[in-house]
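Protein chains: 2
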Amino acid sequence: MSDPLVRRAEDVEYEDVGAADGMAKGVLVGEDQGAPNLAIRRFTLEPGGSVPKHTNEIEHEQHVLAGKYTVGIEGEEYEVEAGDSLHIPAGAVHWYRNDGDEEGAFLCAVPAGDDAIELVEE
Amino acid sequence: MSDPLVRRAEDVEYEDVGAADGMAKGVLVGEDQGAPNLAIRRFTLEPGGSVPKHTNEIEHEQHVLAGKYTVGIEGEEYEVEAGDSLHIPAGAVHWYRNDGDEEGAFLCAVPAGDDAIELVEE
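So the protein sequences, as listed, match chains A and H.
The first sequence: position 18 = 18 (the UniProt record's numbering), numbered continuously.
The second sequence: position 72 = 72 (the UniProt record's numbering), numbered continuously.
If you're looking for bench data, these hints aren't it; they were derived computationally from the structure.
Note that beta-carbon positions come from the ideal geometry of N, C-alpha and C, so glycine has one too.
Check each hint, because a few of them may be wrong.
[Said to hold, decoys possible] Selected chain H positions facing chain A (in silico; Cβ < 10 Å):
no., residue
1, V6
2, E13
3, V17
4, A20
5, G30
6, Q33
7, P36
8, N56
9, E59
10, Y78
11, P89
12, H94
[Said to hold, decoys possible] As a list, the in silico DSS-like pairs of lysine-lysine whose alpha-carbon atoms are at most 27 Å apart:
no., chain 1, residue 1, chain 2, residue 2
13, A, K68, H, K68
14, H, K25, H, K53
15, A, K25, A, K53
16, H, K68, H, K25
17, A, K68, A, K25
18, A, K68, A, K53
19, A, K68, H, K25
20, H, K68, H, K53
21, A, K25, H, K53
[To be verified] Sample of chain H residues lacking proximity to chain A, with all beta carbon distances greater than 12 Å (derived):
no., residue
22, G26
23, D99
24, G100
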């Protein structure tokens, strides 16, 4: 059995997401923390921030923690806010945009393993 | 590809967790919502509520959304609050108790598939 873990908010390290503008990512619990089958990550999206159209090889299950922002999935845009949840299927073209004046934050659960991110030409 | 989904907080149905006292569970995104590999669920634990010692066949990755409460894992108790994250390995004995006067809430991600819950004799 892997070790149990309680990880405090202030111990999570965040890094900028490369292809994005104003998005940061912190792994809350993942492979490095002993989770064998899945990972939970927390993302923040600052006011005015955006992430261009892209696909991932793995599905995303997300839960909005704070703010209001826009998520586009496969040609449709959704305004989401704290409490909303999303399923972004593996391979679906999706993007983010924060037109508000409050930081957006969401939790994103993914299966363990490698992912490949591909930007989509507009 | 399964369909994308945006699910609003008010559309999630909650049911009482059988072996617990004061815990309710709502599946945010899971098998019924087209998620193939994992599920995210939201649990609430009312003031005074508790869940007895038990094991699950599958791991839990959790993120505390609200309140302060106690989580026991394998003989150790942790006070957790909004922003904290937990890894409860498959098979680990764990339990919950809310000694506060505020409702606790957490998100719990699990791999897709069957689970077996087993209560642990005290």
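So, going through the hints one by one against the coordinates:
1. V6: 5 Å, holds
2. E13: 13 Å, violated
3. V17: It is violated, given that the least Cβ distance between V17(H) and chain A is near 19 Å, above 10 Å.
4. A20: 20 Å, violated
5. G30: 8 Å, holds
6. Q33: Holds, about 6 Å.
7. P36: At about 7 Å, which falls below the 10 Å cut-off, the nearest Cβ of chain A leaves the hint on P36(H) intact, so it holds.
8. N56: Hint violated; N56(H) Cβ to chain A Cβ min 12 Å, cut 10 Å.
9. E59: Nearest chain A Cβ about 6 Å off; hint holds.
10. Y78: 5 Å, holds
11. P89: 5 Å, holds
12. H94: 8 Å, holds
13. K68(A) / K68(H): Holds - the C-alpha atoms of K68(H) and K68(A) are around 25 Å apart, at most 27 Å.
14. K25(H) / K53(H): 17 Å, holds
15. K25(A) / K53(A): With Cα atoms ~17 Å apart, K25(A) and K53(A) stay inside 27 Å; holds.
16. K68(H) / K25(H): This hinted pair holds, its Cα atoms lying about 18 Å apart.
17. K68(A) / K25(A): 18 Å, holds
18. K68(A) / K53(A): 19 Å, holds
19. K68(A) / K25(H): 25 Å, holds
20. K68(H) / K53(H): Cα-Cα ~19 Å, so holds.
21. K25(A) / K53(H): 34 Å, violated
22. G26: 10 Å, violated
23. D99: For D99(H), whose nearest Cβ neighbour in chain A is about 17 Å away, the distance exceeds 12 Å, so it holds.
24. G100: 17 Å, holds
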